[in-house]
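There are 2 protein chains.
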Amino acid sequence: MKSNILNVVVIILMASGLCAAQSSAEVVEDFLPSSVNQSGKEYPMVNSEGRVRVQLSAPEATKVQLDISAVKYDLVKDENGVWTGESAPQDVGFHYYQLWVDGAAVPDPNSLYFYGAGRWGSGIEIPSDDQDIFALKDVPHGDLREVHYYSKSSDKVRRAFIYTPPGYQKDQSKSYPVLYLQHGMGENETGWGSQGHTGLIMDNLIAEGKALPFIIVMENSSVNFEKLRASRSEQNPEADSTRRRRGPGGGVDFSAEFKKVLLNDLIPYVETNYRVIANPEHRAMAGLSMGGMQTRLITLANPEVFSQVGMFSGGSISPEDIEKAPEFKNNVKLLFISYGSHELENRRMSFGGDPKVNTEALKAAGMNTHFYVSPGTAHEWHSWRRSLYQFAQLVFKN
Amino acid sequence: MKSNILNVVVIILMASGLCAAQSSAEVVEDFLPSSVNQSGKEYPMVNSEGRVRVQLSAPEATKVQLDISAVKYDLVKDENGVWTGESAPQDVGFHYYQLWVDGAAVPDPNSLYFYGAGRWGSGIEIPSDDQDIFALKDVPHGDLREVHYYSKSSDKVRRAFIYTPPGYQKDQSKSYPVLYLQHGMGENETGWGSQGHTGLIMDNLIAEGKALPFIIVMENSSVNFEKLRASRSEQNPEADSTRRRRGPGGGVDFSAEFKKVLLNDLIPYVETNYRVIANPEHRAMAGLSMGGMQTRLITLANPEVFSQVGMFSGGSISPEDIEKAPEFKNNVKLLFISYGSHELENRRMSFGGDPKVNTEALKAAGMNTHFYVSPGTAHEWHSWRRSLYQFAQLVFKN
Chain S
0 MKSNILNVVV IILMASGLCA AQSSAEVVED FLPSSVNQSG KEYPMVNSEG RVRVQLSAPE
60 ATKVQLDISA VKYDLVKDEN GVWTGESAPQ DVGFHYYQLW VDGAAVPDPN SLYFYGAGRW
120 GSGIEIPSDD QDIFALKDVP HGDLREVHYY SKSSDKVRRA FIYTPPGYQK DQSKSYPVLY
180 LQHGMGENET GWGSQGHTGL IMDNLIAEGK ALPFIIVMEN SSVNFEKLRA SRSEQNPEAD
240 STRRRRGPGG GVDFSAEFKK VLLNDLIPYV ETNYRVIANP EHRAMAGLSM GGMQTRLITL
300 ANPEVFSQVG MFSGGSISPE DIEKAPEFKN NVKLLFISYG SHELENRRMS FGGDPKVNTE
360 ALKAAGMNTH FYVSPGTAHE WHSWRRSLYQ FAQLVFKN
Chain F
0 MKSNILNVVV IILMASGLCA AQSSAEVVED FLPSSVNQSG KEYPMVNSEG RVRVQLSAPE
60 ATKVQLDISA VKYDLVKDEN GVWTGESAPQ DVGFHYYQLW VDGAAVPDPN SLYFYGAGRW
120 GSGIEIPSDD QDIFALKDVP HGDLREVHYY SKSSDKVRRA FIYTPPGYQK DQSKSYPVLY
180 LQHGMGENET GWGSQGHTGL IMDNLIAEGK ALPFIIVMEN SSVNFEKLRA SRSEQNPEAD
240 STRRRRGPGG GVDFSAEFKK VLLNDLIPYV ETNYRVIANP EHRAMAGLSM GGMQTRLITL
300 ANPEVFSQVG MFSGGSISPE DIEKAPEFKN NVKLLFISYG SHELENRRMS FGGDPKVNTE
360 ALKAAGMNTH FYVSPGTAHE WHSWRRSLYQ FAQLVFKN
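From first to last, the protein sequence lines are chains S and F. Residue numbering for the first sequence follows numbering that gives the first Met the number 0, beginning at 0 and increasing consecutively. Residue numbering for the second sequence follows numbering that gives the first Met the number 0, beginning at 0 and increasing consecutively.
Treat the hints with care, since some could be wrong.
The list treats identical chains as one, so a pair stands whether inside a single copy or across any two.
[Unchecked claim] With a cut-off of at most 25 Å between alpha-carbon atoms, the simulated DMTMM-like pairs for lysine to aspartate or glutamate come out as follows:
| hint | residue 1 | residue 2 |
| --- | --- | --- |
| 1 | 155 | 129 |
| 2 | 173 | 270 |
| 3 | 323 | 303 |
| 4 | 259 | 137 |
| 5 | 169 | 264 |
| 6 | 136 | 264 |
| 7 | 155 | 128 |
| 8 | 71 | 25 |
| 9 | 136 | 154 |
| 10 | 209 | 170 |
| 11 | 71 | 344 |
| 12 | 62 | 73 |
| 13 | 71 | 320 |
| 14 | 155 | 41 |
| 15 | 209 | 128 |
| 16 | 71 | 59 |
| 17 | 76 | 59 |
| 18 | 62 | 77 |
| 19 | 362 | 344 |
| 20 | 151 | 207 |
No lab work stands behind these hints, which were simulated from the structure alone.
My request is simple: use the sequences and hints to build the entire structure.
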């Protein structure tokens, strides 16, 4: 009798397994509210496949779409005028998205808003199995400070965000290393502290004794874009193409204007106003995507300023680069290069040579290099949170 | 000849004056981009009358509306599918708004977003002639810190924002008074630091020597609403009406849960982690609207904790209240009551007696009271920024 029941159970389980396999296009109905919804909002939701389901009341609309990862998905209207629909499965991590209502591109009124893709707009989190790295726990917490300082290079008061680690407040005798951490193109100084969860990642690492406490400074490195735009309207049609030609590796020189702000204004502001260990051994620069490229350009050109370098989904440094910048090889004590695994599969952003080959070549040449691949993620924030999580455990320990 | 020209000029001026008077319904075409637009966005715009003009591309829509100050205005579609339209003149100051696209209520994709009306959504600034009080200037700036702390009363890690004045960082020998500053209903702990411009108001006042430097702590005082919601789902249908009956003056008791967080968790956290003068003489509480009512309830019940009290558009304290709380009269060194002039005209929020009459009666009875009316403003943030601007010049000076 017992074995008969077991057989039936096994058959049912097998049948349901087959059924699931046969209907892979069907949507698994285990949706839960997104972790970055506005308080009390049920939608948007995410299921175990990573599909995003949105809902919007638009009784008089004729077409409503969800626009995520460059694909638009039609929603379906019910008898109450409420539109619902879902996307194909998304990579784990954080994605910007928007809705289209009869041709108008608008934020989803149910999500929290984040700055990315050059705008404040909706974001969604596809849960990963290592979300614990940025979970809000009852551990000592650092502060995330919004600060204003006068930048002579920009001739204006600029805003930055500064993370100070737990204990910074209380123990006034201690000084700290500093990491200058940059966002990507179309993002700004809010990204790392918001969708990047920099503070929580650091609080958790420090509580577990896995990272040394250090200060993190986050500024807006799109300075030159503002200037480029201004220069165009100043009847200087050559400015844009000149800059582009000047850029190393045939790319745009993203770093010129930001470099002035960083080296001449921001670092002096931080080192005057915070308890920092003001020497190259305790000064790091890292960034994601465009911020990684800026890190590459600025640290290659200024190895007397930074000894610790991180580039997340933002290119790599080749043996040829090092030949042209021998001081970089001598002075830099940590070079950390990372990518999301899906980026490598798609050969995305691997300009300037294969990042793994480059990084291993520098290791063979005697540099302290690390190459990290974030499993199952693309060119998005979970790759970069994990990169920070890895980088933070290595930096200032050499 | 000269007098002839003068006559013509006078006649033209008179005619244009008459013309303007006759066509008062016509829109004055001097619109400029709102100061709280997303970077680089031309719309929404505001004109000298205080009208708000929005624009949205929605080629397939049949109806698009601007929804501001509880009125919906139809927009007009051009041949490219771009909808444009404007509101009636608005009071100076800050207003939440949204768009309707074929029945869907959505944020304007061009504005910055603010938390109010129980959601993250669009905001607009109608310029006032005293915007200089929160202008970003090249003066020493304080920091606005996002902090996390464990609250035993809520049994969770909570978030607060803390403004530390210029100089707090550098001069480690100095301790500061503290103001606990509350938002209104449907708002949260981000309001004062964002649309309230608390940091810039204080930086400017301190730079001009008009206010003493002090710390400002901003927390979310809607704690009981969360609990109320939870209690409903816990099959306790009486909880809501019981709380309502218990509230003084027939109103809801907004303060019960937040009071626990404030007195048992937040004040101890601040006094342990910041350099504060931890006594009632150097402890203030103020708030706007619901936050003013909470300030009233909490300070009347705990005059041994706070000596400085501010209520902005949130009721007043009557001689009858004082009779029941004699310690309040003895201990409180500053009682500041304020309203926007349009609120008083509409008799809005004047429950518990006329605020001016009440406040003057307490002054006559020997208390240090101040009654401030913000000219030409309503129940919105410019009334409250001005109230903070006035309150900050009085507090901790008695």
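Taking the numbered hints from earlier one at a time, note which ones the structure violates and give those numbers from smallest to largest. 13
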